[in-house]
Amino acid sequence: METTSRPGPVPEPLGKRAVKRLAVEADILRVARAHLATDGAAALSLRAVARDLGMVSSGIYRYVDSRDELLTRLIVDSYWSLAGAVRAAHDVVPTDDLDGRWDALGRALRAWAIQRPHDFALIYGSPVPDYEAPAERTEEAGTAVLALLVTLLEDVRRAGRLADQDRLGVIPWRAEAGVGGLLESSMFASTHLDAVTLTQGIAAWTLLLGAVTSEVFAQLGPLPDGEALFDCLLAVSRRCVIRAPGG
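Residues 1 to 247 (UniProt numbering) make up the sequence shown, in order.
Do not rely on the hints blindly, as some may be mistaken.
[To be verified] Listed next, with one range per pair, are the computed distances between beta-carbon atoms: (1) D166 x L207: 30 to 38 Å; (2) G54 x D155: 45 to 53 Å; (3) P129 x F217: 38 to 46 Å; (4) Y131 x A159: 22 to 30 Å; (5) D27 x G181: 39 to 47 Å; (6) V24 x T151: 16 to 24 Å; (7) E176 x T138: 23 to 31 Å; (8) R158 x G54: 52 to 60 Å; (9) S57 x A203: 46 to 54 Å; (10) K20 x A203: 22 to 30 Å; (11) R157 x K20: 23 to 31 Å.
Hints in this document: simulated from the structure, not taken from any laboratory.
Ideal Cβ placement from N, Cα and C applies to all residues, glycine included.
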């Protein structure tokens, strides 16, 4: 006998006041993001954001409690934006194309960072003085890309395609001391990764993120062809975790 699932409850439409509030909050983030580009995160000012919105300075506190709260919202929004861009690129690649999935992740990270350098600087640049991001607000968004990388790393392990750990020179007891405790996180609950494999993944991710950071912040000076260099570093990072087919 066929069974049909019942649709879940349909959420009630938001009232006019709630819709207006969401629109104002979106405008606040938009203007605040523009201030990041011109003044930097350390100089972010609720008063200046309110002025640009044509709002009295006291009025903005009906929507944002403090500068730190505004920074937290910007950080969370940036993390989710990056995660969305990376997942969209990753998910169109066939599951068994492990190399293609890694490359899609890397190229999406670079494209997002180049398009939104000030947001990239906010989440991966220097810490903002006198501000500490609350982990309970930022952890889920901040680890979304890493969770996707963990899934890919586990798929590589299952496929028997992990890069040769001896050739990479990872010392098992040092890897265990360095990252073994991380494997107790819920992020790894459905995996069979060990400390050495996780260290390989961290090495690959660090190289990937460093390649993007050096380009966005022009740490190597003007590059003749930033994309060409990134492709080279992307290939090196891939081989830290994924053995070449037939290799």
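Structure-based check of all given hints:
no. : hint                    : in the structure
1   : D166 x L207: 30 to 38 Å : violated (19 Å)
2   : G54 x D155: 45 to 53 Å  : holds (51 Å)
3   : P129 x F217: 38 to 46 Å : violated (18 Å)
4   : Y131 x A159: 22 to 30 Å : violated (42 Å)
5   : D27 x G181: 39 to 47 Å  : holds (43 Å)
6   : V24 x T151: 16 to 24 Å  : violated (37 Å)
7   : E176 x T138: 23 to 31 Å : holds (28 Å)
8   : R158 x G54: 52 to 60 Å  : holds (56 Å)
9   : S57 x A203: 46 to 54 Å  : holds (48 Å)
10  : K20 x A203: 22 to 30 Å  : violated (49 Å)
11  : R157 x K20: 23 to 31 Å  : violated (50 Å)
Hint check: violations occur at hints 1, 3, 4, 6, 10 and 11; the rest are consistent with the structure.
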